[in-house]
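Just need the whole structure built from these sequences, with the hints factored in.
Residue numbers (our numbering), protein chains in the order written: chain P, 1 to 330; chain E, 1 to 303.
Hints listed in this document are in silico derivations from the structure and should not be mistaken for laboratory results.
Misleading hints may appear alongside valid ones.
To be verified - Which bits of chain P does chain E cover? Going by a derived footprint, with three or more residues having C-beta under 8 Å, they are: (1) 34-44; (2) 79-86; (3) 162-174.
Even for Gly, the Cβ is constructed at its ideal location relative to N, Cα and C.
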Amino acid sequence: MTHNNRKGIQSVNRVSAINARAKKPARPLSVRLAGELKKNWALYLMILPVIAYYIIFAYIPMSGVVLAFKDFKVKLGIFGSPWAGLKHFERFFGGYNFWLLLRNTVGISLYTLLVGFPIPILFALLLNYLKQERLRKTLQMVSYAPYFISTVVICGMIAIFMDANTGIFNQIIAGLGGTPVDFLSNPRYFKSIYVWSGVWQGMGYSSIIYISALAGVDPSLHEAAIMDGATKIQRIRHIDLPGIKSTIVMLLIMQMGSLMNVGFEKVFLLQNDLNMQASDVINTYVYRVGLIQNNYSYSTAVGLFNSVINMALVIAANQLSKRLTEESLW
Amino acid sequence: MDKRRTIKKKKPNADSVFDMVNLAVMLVLLVVFLWPLWFVVIASISDPGQVWQGNVILFPKGITLDAYEEVIQYKSIWSGYRNTLLYTLLGTAINMVLTVCAAYPLSRRDFPPRKILIIVLMVTMYFSGGLIPTYLVVNRLGLIDTVWAMMIPNALSVFNIIVTRTYFVNSIPEELREAAQLDGAGTVQYLFRVVLPLSKPILAVIGLFYAVGHWNDFYSALIYINSQQLLPLQSVLRKLLLTTQMTLQISSSMSPEEIMRKTQLAQTLKYSSIIVSTVPVLCLYPLVQKHFVKGMMIGSVKG
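In structure tokens:
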């Protein structure tokens, strides 16, 4: 109580503060608002451009999804354009490539999740038990590096290493007496190339959070386990994994939420006419019909479908984890 | 008793196998991480013919700087470089100012709209208008094909705001503010004199994230930029690395040997341009490395 009063007196001038305190129960909203603004004006001023930013670049575009239910005419603008009902959705669901897009999108993300999610955990655990201190530090440093390389350069490197004539993989194949394979032109290899290059680029960075979670595991548990003669594998199973369970679950929920959000840049950059069968995903389709073919309404409808599924996935994953582990994002 | 003894006897054995396998796996990983990067470096300084024939595997062969000479003469790389430098410096400055402007009020317990504003921000993490509605807004603002399109539409990241706010809440004690107020310091003064200096680790980390994001940004230019002279480095690199078009001019008067040589040089140009474009980012990283894990840890604690 005295604590609060002291603050009040300092920020507002003395007389009005005492008045305000005396009248506290009956103070009208406008006076309270004015007092609050006077006290915290700097905070409101700071947050103003931030709110403006989110209104303009997040909430106005969100309202722009009505475009999905309209026939966009440039002259009439978003809100003046005539309604089209569910026409665009029907066209998308009935389109020849709907199942292909869905299969590729879900396929690539499930593959990414299955491979890309456990590997950083495994890496963190193994790194944690590595006896060679210097190797551990070096490996940690080196494994973060690819994360900072741009997607364009990563894809450029993929193209170099996967080259049908001069790439290292084909040199190895040739050395073993096989026939060279043009990896990037063959739909069969696309998903694997995408996922495993992503593992190479991201596993070090993704492991940071697990490494720091492992550092927080109670060391006395390990001491007790060693006394009892537990092996390292037993310690991993019964101490480390339970210790970082909540971190794992949190990250898993977050990943589930982006299941339909295959990284646009990388797929787009690795895409070519020959591997389209495996590489065309919803995100790249939205770009192609939207900005290349200028089919604004249709593109928005496809995008909206994608984000609605995403939304449902986050909520479902969160609900599931709440029930199973009492761990949730909100 | 008996059982325990057998476990104890087994223990050193099982663990040493584990250690050996672990060491082996880690050494393989070290090679897997390093070799691709190493290869790009040695290929960029090797004789193009040797690289072409696949003779360059572990060490450079026929060391030459031809590839770097080609990069220096390749004009659009340098205009891309200049643009990217501008986008990165100015863009990161805008990011940092706005992020602090968002994170600090949201970290203050006595700021009433805090809770609702956090929800307002979090919603944008999971739901967005999508490509076209955002494009139309940027278009309406007249930002298409201007330098601002590279910096304004992604001026803030909710994730970075939350991380910064969590850091403010967790590592700067409330008592400091009360003490500062007793000394007559206003909000702004307190922010600059106390909060920001104490938050160097997190500011370094999010600064790095933003800067690397701008440096590597290819998407914004793909969507918003048409003019050749505004293209950032990554767009130029894409043309160089990922399209099959000839990057070096070949005229019909050239002999077959010259054409072969040009083709090989075009290949090594890829390596040298990767080096030239990636080294600045990799140099930035050790500078903030010591803050990295600490900043990440304190910031990402659920708050």
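Do the hints match the structure? See the list:
1. 34-44: With 5 residues close enough to chain E, the hint holds.
2. 79-86: violated (count 0)
3. 162-174: That given contact holds, which follows from 3 residues of the region 162-174 of chain P lying within Cβ reach (below 8 Å) of chain E.
Hint compliance for this structure: hint 2 is the single one not met.
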